[in-house]
Amino acid sequence: MTLSALQLFSPLPLGDLTLSHRIVMAPMTRIRADEGGVHHEIAVEYYGQRATSGGLLISEGTFISEEAGGIRNVPGIYTAAQVSAWRTVTSEVHSKGGYIFCQLWALGRAASIDVIGPLGYKVVSASNLPLKDGIVPEPLGKDDINRYVEAYAKAAKNAIEAGFDGVEIHNANGYLLDQFLQTNTNIRNDEYGGSIENRSRFSLEVVKAVTEVIGQERVGVRFSPFNPFQGMRMEDPYPTFTYIITQIRELYPRLGYVHFVEGDATKGDSTDFARKIWSSHDEELARSIFISCGGYTTEKAAEVVTEKGGAVAFAKSFIGNPDLVARIQHGLPLAIHDRKTVYLNGPKAYQGYTDYTPAVLPESKL
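1 is the number of the first residue of the sequence shown in our numbering; add one for each residue after it.
Please keep in mind that the hints were generated in silico from the structure rather than gathered at the bench.
Keep in mind that this is a model prediction, so the values were computed, not measured.
We put the beta carbon where it would ideally sit given N, CA and C, even for glycine.
Fair warning: there could be bad hints in the mix.
Calculated lysine to any residue pairs in the SDA-like style (CA-CA distance at most 20 angstroms, straight line) [to be verified]: (1) Lys142 to Lys208; (2) Lys157 to Val83; (3) Lys316 to Met28; (4) Lys300 to Ala335; (5) Lys154 to Ile214; (6) Lys157 to Leu204; (7) Lys316 to Ser279; (8) Lys122 to Asn73; (9) Lys316 to Ile31; (10) Lys316 to Leu332; (11) Lys316 to Leu285; (12) Lys316 to Leu344.
Pair by pair, the computed Cβ-Cβ distance ranges are [unchecked claim]: (13) Leu344 to Glu235: 21 to 31 angstroms; (14) Glu191 to Lys340: 42 to 52 angstroms; (15) Gly141 to Arg339: 11 to 21 angstroms; (16) Pro13 to Lys348: 32 to 42 angstroms; (17) Arg72 to Asn189: 32 to 42 angstroms.
Using the sequences and the hints, build the whole thing.
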């Protein structure tokens with residue numbers, strides 16, 4: 001292990017927890033739950049394989065309610081069966097000494113009408129602006145927004161009951177909260193549209209509701225200012241994201257973390273503006289950390305952590321390397337995952353999920 005990589009294995013306080021290393025598993029949709037959004041033994045094995053002592057895993061996106069869904073075989077956290085199933089997953093992670101946060105997810109206009117239509121729901125969003133080749137969504141009314149806020153809070157409470165150490169609010173990648181935040185998808189003229197303050201309102205209401213239920217330290221929020229996925233990325237994202245990060249930092253100084261998806265550095269994209277807002281020399285505030293994610297190599301991750309602090313989240317590398325942390329620690333090469341098996345529906349789709357072989361670690365010379 002190089003000297004710079006050593007920094008990846010320095011401890012990091014996160015709320016009431018202390019991480020033993022700074023390699024985080026990013027949330028990744030794998031669609032291995034059953035049709036009722038319930039995980040089975042295959043998921044217990046998957047998360048257990050990737051758990052490490054003092055390490056943080058962030059779960060795949062998990063639907064906060066039935067109406068918030070719209071993709072088959074994605075887990076939920078709103079029924080007793082789902083909560084019970086997740087409890088077996090969190091127990092396995094904790095048995096390895098690890099920590100796990102549940103990512104709370106609502107799709108908005110990214111939902112499939114073929115999935116939610118038969119359940120009696122409509123595709124919704126901030127405004128009536130569809131995805132390319134998608135159906136026109138119905139703008140949420142005030143009562144609808146209130147119902148979603150309550151669903152986020154209930155899902156957070158359920159997550160803690162299921163044994164999660166905290167939750168991550170998914171406010172990124174063109175999903176419902178992001179659709180309200182950005183002008184690409186929000187052309188409302190009410191209290192939830194127009195100004196930066198109004199477009200941030202829904203997200204801030206969700207953060208308020210969730211932190212009131214489970215506490216600030218157990219909450220993280222994910223953002224993606226530069227991601228063009230699903231028709232997103234504002235022409236100038238900096239004012240909007242500067243405002244909302246500043247608000248969260250001031251209102252919730254003990255928040256567990258913020259999690260930013262990095263942009264394209266060749267285009268001048270940088271999350272340094274958010275890091276600056278989030279940084280603090282106060283010992284208590286420093287327990288609220290900054291996590292970044294974006295196709296990192298081991299070398300780049302070590303460089304970022306050494307120069308800027310915080311933690312780094314890996315996604316694809318964790319798919320083909322259930323033992324990613326050990327491989328990085330021992331300087332071993334990383335396996336390449338099979339892209340064809342990333343999304344195989346259902347709880348019996350072991351291929352490309354739990355069948356990657358761990359590396360043979362060098363023998364200790366002690």
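Quick rundown of the hints versus the structure:
Pair hint Lys142 plus Lys208 holds up; C-alpha atoms about 17 angstroms apart against a cutoff of 20 angstroms. Taking the CA atoms of Lys157 and Val83, the gap is near 10 angstroms; set against the 20 angstroms cutoff, the hint holds. Taking the CA atoms of Lys316 and Met28, the gap is near 8 angstroms; set against the 20 angstroms cutoff, the hint holds. Restraint check for Lys300 and Ala335: satisfied, since their Cα atoms lie roughly 18 angstroms apart, inside the 20 angstroms limit.
About 10 angstroms separates the Cα atoms of Lys154 and Ile214, which keeps this hinted pair within 20 angstroms; it holds. Of the pairs offered as hints, the one joining Lys157 and Leu204 holds, with about 18 angstroms between alpha carbons and a cut-off of 20 angstroms not exceeded. Only pairs whose Cα atoms come within 20 angstroms are accepted, and Lys316 paired with Ser279 is rejected, the gap being roughly 28 angstroms. Among the hinted pairs, Lys122 with Asn73 is consistent with the structure: their alpha-carbon atoms are about 19 angstroms apart, no more than 20 angstroms.
Proximity of Lys316 to Ile31 is assessed by CA-CA distance (about 15 angstroms); at most 20 angstroms being required, the pair is judged to hold. For the suggested pair Lys316 and Leu332, the alpha carbons sit about 17 angstroms apart, so the restraint of at most 20 angstroms is met. For the hint pairing Lys316 with Leu285, the CA-to-CA distance comes to about 31 angstroms; that exceeds 20 angstroms, so the pair is violated. For the hint pairing Lys316 with Leu344, the CA-to-CA distance comes to about 16 angstroms; that is within 20 angstroms, so the pair holds.
The hinted window of 21 to 31 angstroms between Leu344 and Glu235 is violated, with their beta carbons roughly 38 angstroms apart. The supplied range of 42 to 52 angstroms is met by Glu191 and Lys340, whose beta-carbon atoms lie about 46 angstroms from each other. The given range of 11 to 21 angstroms is broken by Gly141 and Arg339, whose C-beta atoms sit roughly 40 angstroms from each other. Roughly 40 angstroms separates the CB atoms of Pro13 and Lys348, a value that falls within the hinted 32 to 42 angstroms.
Separated by about 35 angstroms at the C-beta atoms, Arg72 and Asn189 satisfy the suggested range of 32 to 42 angstroms.
Hints 7, 11, 13, 15 from the earlier list are contradicted by this structure; the remaining hints agree with it.
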